[in-house]
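Visitor: Spelled out from the first residue to the last, the chains are:
Number of protein chains: 2
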Amino acid sequence: MSVDGPVIRKIRLDLPHPTDTDHAGDLDRVLRGLKAQGIIGVQTPLSVVAGLSKILRTAEFRVTATVAFVPILTLLRLEPANTPSRNFGLAVDLGSTNIVGALVDLDTGATVGEHSMLNPQVEHGEDILTRTHFSQQPSNRKRLQVQAASAVSLIAAQLAIRLGISAGDICCISVSGNTTMTHFFLGLETYHLCRAPYVPVANYFPIVCASELSIDVHPCAPVIVLPNVGSYVGGDALAGVLVSGIHRHENVSLLVDIGTNAEIVIGNRDFLLVGAGSAGPGLEGGAVRHGMRAAAGAIERIAINPQTHAISYHVIGDGRPLGICGSGLIDLLAELFSTGIIDSRGKFLLPAKSSRVQLHDGIAEFIVAEAKDTATGAEICFSQPDIDNLMLSKAAMYTMLSVMTDAVGMSFNELDTFFLAGAFGAYITADKAVTIGIVPDIELSKFRLLGNSSLEGAKQVLLSVEALVEIKRIMSAITYVEMNESREFMNDFMAARFLPHTDLERFPSVRDRLGKR
Amino acid sequence: MSVDGPVIRKIRLDLPHPTDTDHAGDLDRVLRGLKAQGIIGVQTPLSVVAGLSKILRTAEFRVTATVAFVPILTLLRLEPANTPSRNFGLAVDLGSTNIVGALVDLDTGATVGEHSMLNPQVEHGEDILTRTHFSQQPSNRKRLQVQAASAVSLIAAQLAIRLGISAGDICCISVSGNTTMTHFFLGLETYHLCRAPYVPVANYFPIVCASELSIDVHPCAPVIVLPNVGSYVGGDALAGVLVSGIHRHENVSLLVDIGTNAEIVIGNRDFLLVGAGSAGPGLEGGAVRHGMRAAAGAIERIAINPQTHAISYHVIGDGRPLGICGSGLIDLLAELFSTGIIDSRGKFLLPAKSSRVQLHDGIAEFIVAEAKDTATGAEICFSQPDIDNLMLSKAAMYTMLSVMTDAVGMSFNELDTFFLAGAFGAYITADKAVTIGIVPDIELSKFRLLGNSSLEGAKQVLLSVEALVEIKRIMSAITYVEMNESREFMNDFMAARFLPHTDLERFPSVRDRLGKR
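Chains D and C are the protein sequences, given in the same order. Sequence positions in the first sequence follow our numbering and run 315 to 831. Sequence positions in the second sequence follow our numbering and run 315 to 831.
Bear in mind the hints are in silico, worked out from the structure with no lab data behind them. You can take every hint at face value.
Once the Cα atoms are required to be at most 25 Å apart in a straight line, the calculated DMTMM-like pairs of lysine to aspartate or glutamate come out as:
{"id": "1", "chain 1": "C", "residue 1": "K786", "chain 2": "D", "residue 2": "D334"}
{"id": "2", "chain 1": "D", "residue 1": "K661", "chain 2": "D", "residue 2": "D826"}
{"id": "3", "chain 1": "C", "residue 1": "K686", "chain 2": "C", "residue 2": "D675"}
{"id": "4", "chain 1": "D", "residue 1": "K786", "chain 2": "C", "residue 2": "D342"}
{"id": "5", "chain 1": "C", "residue 1": "K349", "chain 2": "D", "residue 2": "E780"}
{"id": "6", "chain 1": "C", "residue 1": "K456", "chain 2": "D", "residue 2": "D530"}
{"id": "7", "chain 1": "C", "residue 1": "K456", "chain 2": "D", "residue 2": "E526"}
{"id": "8", "chain 1": "D", "residue 1": "K456", "chain 2": "D", "residue 2": "D441"}
{"id": "9", "chain 1": "D", "residue 1": "K368", "chain 2": "D", "residue 2": "D334"}
{"id": "10", "chain 1": "D", "residue 1": "K349", "chain 2": "C", "residue 2": "E784"}
{"id": "11", "chain 1": "C", "residue 1": "K786", "chain 2": "D", "residue 2": "D342"}
{"id": "12", "chain 1": "C", "residue 1": "K456", "chain 2": "C", "residue 2": "E440"}
{"id": "13", "chain 1": "C", "residue 1": "K760", "chain 2": "C", "residue 2": "E728"}
{"id": "14", "chain 1": "D", "residue 1": "K324", "chain 2": "D", "residue 2": "E526"}
{"id": "15", "chain 1": "C", "residue 1": "K661", "chain 2": "C", "residue 2": "D702"}
{"id": "16", "chain 1": "D", "residue 1": "K760", "chain 2": "D", "residue 2": "D745"}
{"id": "17", "chain 1": "D", "residue 1": "K786", "chain 2": "C", "residue 2": "D334"}
{"id": "18", "chain 1": "C", "residue 1": "K349", "chain 2": "D", "residue 2": "E784"}
{"id": "19", "chain 1": "D", "residue 1": "K349", "chain 2": "C", "residue 2": "E780"}
{"id": "20", "chain 1": "C", "residue 1": "K786", "chain 2": "C", "residue 2": "D318"}
{"id": "21", "chain 1": "D", "residue 1": "K667", "chain 2": "D", "residue 2": "D745"}
{"id": "22", "chain 1": "C", "residue 1": "K456", "chain 2": "D", "residue 2": "D342"}
{"id": "23", "chain 1": "C", "residue 1": "K456", "chain 2": "D", "residue 2": "E393"}
{"id": "24", "chain 1": "D", "residue 1": "K456", "chain 2": "C", "residue 2": "D342"}
{"id": "25", "chain 1": "D", "residue 1": "K456", "chain 2": "C", "residue 2": "E526"}
{"id": "26", "chain 1": "D", "residue 1": "K661", "chain 2": "D", "residue 2": "D702"}
{"id": "27", "chain 1": "D", "residue 1": "K456", "chain 2": "C", "residue 2": "E393"}
{"id": "28", "chain 1": "D", "residue 1": "K456", "chain 2": "C", "residue 2": "D530"}
Label pairs and their in silico Cβ distance ranges:
{"id": "29", "chain 1": "C", "residue 1": "A350", "chain 2": "D", "residue 2": "T793", "range": "19 to 25 Å"}
{"id": "30", "chain 1": "C", "residue 1": "S361", "chain 2": "D", "residue 2": "P511", "range": "22 to 28 Å"}
{"id": "31", "chain 1": "D", "residue 1": "L387", "chain 2": "C", "residue 2": "G319", "range": "20 to 26 Å"}
{"id": "32", "chain 1": "C", "residue 1": "P330", "chain 2": "D", "residue 2": "N582", "range": "28 to 34 Å"}
{"id": "33", "chain 1": "C", "residue 1": "A791", "chain 2": "D", "residue 2": "L477", "range": "48 to 54 Å"}
{"id": "34", "chain 1": "C", "residue 1": "M804", "chain 2": "D", "residue 2": "T372", "range": "39 to 45 Å"}
{"id": "35", "chain 1": "D", "residue 1": "T372", "chain 2": "C", "residue 2": "A350", "range": "48 to 54 Å"}
{"id": "36", "chain 1": "C", "residue 1": "S725", "chain 2": "D", "residue 2": "N396", "range": "53 to 59 Å"}
Covered by chain D, according to a simulated footprint, are these stretches of chain C (three or more residues, beta-carbon under 8 Å):
{"id": "37", "stretch": "324 to 335"}
{"id": "38", "stretch": "364 to 370"}
{"id": "39", "stretch": "489 to 502"}
{"id": "40", "stretch": "540 to 551"}
The structure presented is a predicted model; accordingly, all values stated were derived computationally and were not measured. For glycine and all other residues, C-beta sits at the position ideal for the given N, C-alpha and C.
Sequences are here, hints too, so could you generate the full structure?
Guide: Right, dumping it as structure tokens:
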């Protein structure tokens, strides 16, 4: 039995029948069989022992044992060897807005199904702070735990139905989320998470049984919740590091999860710095009137023809648009700037270069989609205050990136790779992001979109017991950097409130393109 | 932290408060404190994590951690360090008739309370075979499990009330019983226990949480059930070996648990043989009309004056007698024989040497207590059929002892010590037992009464994690000897159906005493 491998493994056992000279107990016989395959010291829940004798005899002592390798070797299940049986785990990205589950075939490593749903906790607040406040009552804390567990159960049930298996066939779960979300998931207090000195109940969470959390999969399925670095850097960020592999390389790379709460990791195999801060809600559509999450109906790509100023866009799900998601907003801001419709301060220029610029109650706005083309029947527009809010967020984002590279005394150009993680990072168009200066102006080939690295990290943890050990190594290597607090930060922030930046030398490719215009 | 010690230990932790430079999570802080004391790799149930933050702050980070050392290091509880707190475990002797619990102070090793009750399972059969038959229905198996668990809960509650503690303060349980009883206790099948090749569901039982068995002590209290050697040799017998220490000595000793089902172990530090067999119900009062268990009202000691034939006896509890228990029956048979009232075949001699010998419906009987002196108002007597049954049991017992010493090629005189274990063994009078030939005629100083070694072994397991390891060493050293099957056995058995034995050379001290008579 190799040391690394999935956290749950199916072991075929051809056991000798009991005889007059070999009357070892049934459980002892099974454990002897596992021991012969190098699996020693296996614990057995009573529920498994209780059904053991019947299964052994029904199966003529040819059985398949399901063994969990975390937190301790545990015999989860015994099945007749002649019944088909696959080895499934559920990876969960526990977002504050969306919960995404991926069913993983642990033998092949393949994702055999994915399902997402709105986090039912949004009922108690869209943002995490409102939910944290709500959770101060123990009964509310319990409510949030039950909601998260129910959502995971529902996702498991959906995926099981789709695969024609029983939810009970899912024998392990791994969960990746930010620190507050994982605390909610486990029913833990968050009171001290948001008060100095910002102490979580736990950074390393115990691995618990699904039944302890009332999640409807195999009752003894281990539920692995990825650890946190602290209040502000959760398991989702660690999952990102794991997936990016920056902690394994000689050259220094940077990983950023762009969003309302941004986490940035910079480092290599020798050091890792992590910083986290708020970029404001502009990037996730929260402070933009027609902003929305990246869901069906969201405009995710926008281009404006430099000559005709004709607009073209792509809507997620290919229907009529409902609003604009983060990547669409970045495209839009970049295109408005590139085509000279707005200036480097992000302000609309008059006379307007496009007939789509209009005044509405004295406020300039750009019509992205006309009323006749939208799903709502109302026009989708992008106003001066929307731009201002987005500019604040992009400036905060860029400033945080600068703080992190400054912290290691490096320029952006020295980075080996610039990883963009998170749901947002999956759809971003790097050159547009460079144009508005939300990310630095480096070779476009250095950008790597990681997609949902939180979910991907959770999958890796299911597929390799070493991955969890690796996460723990990342945790012990990582140093937290405070941001948003220094005077220097404020100066940098002010300078970043231009398109792409006050200091054009920092954005030579944008400067060159603008020069040609 | 020394390696050996109680299975549950209380660890005092003076933890630093969180600061801006030390914002480790609360659980991480506790585990760091334990690690500093050499306790590494501690698991934590979610229920403990959930209450952690509040306790730490209430207690100003000075706390007492309760850590279980089996089956894996587990943090069971955190208490403010300034509240008094003792460390309790419950040892249980799970007998088919009586369940005895002893509350042990794990810090001092002292037994601070003992409570026993009738096993409520007797409702489904006094004898184990009837209960085994009853348990074939899964619902009945559940019923037996619940009854055993409830009895243990009741004993825990009784002892807790007596000590002024809460049952939840009891943080571990160890249970010693025969193989069938421990299977019942864990709700396991016994179908194959009594069918060739006599396979238990498990010899080594998993250590489970009290809550899994619905036992009302600390919900995460580990419940350690002593392992079996097989169907016929249970954890109670292994406890006896542990307590006797025969497996640690150079000289060969023998240990016997006298009763309906007798277990005999012979050996030393190099080898251990175990045999088990039925001696019939005579020794526990079951096949004797006025026989009874060793409980209040039982005559446990009997002497007959050799000159006057006046009878004197001692009653357990000092009231009027209800019947005669095993040790009383042995005394009685020995005295009747010594005083010549019965002959070496166990038959009453006529003319009767005592006026207490009467005929009743043509059957001779000896009046032990007259009607006016008993608790029932009816006379307590000992008839010829009673004697015949007792003779059968004593012959079986002696024969099994012979088989075991023959198996190792030793004579009884070569034994270093002859241990008598079990409730029965606690009260036996060795010289009387020798007189009737139920035990061999060896120096009386070689007999050692172990008392309830099943309970004592369970206590040792609570007090020393090494004790459980030692039991496992005993198990791996032990060899099972089949008895009751050979022709030789039958010959020996026939020869042993005399007082003390056909071959008086085997009982020189009895022969000499008889000679003087």
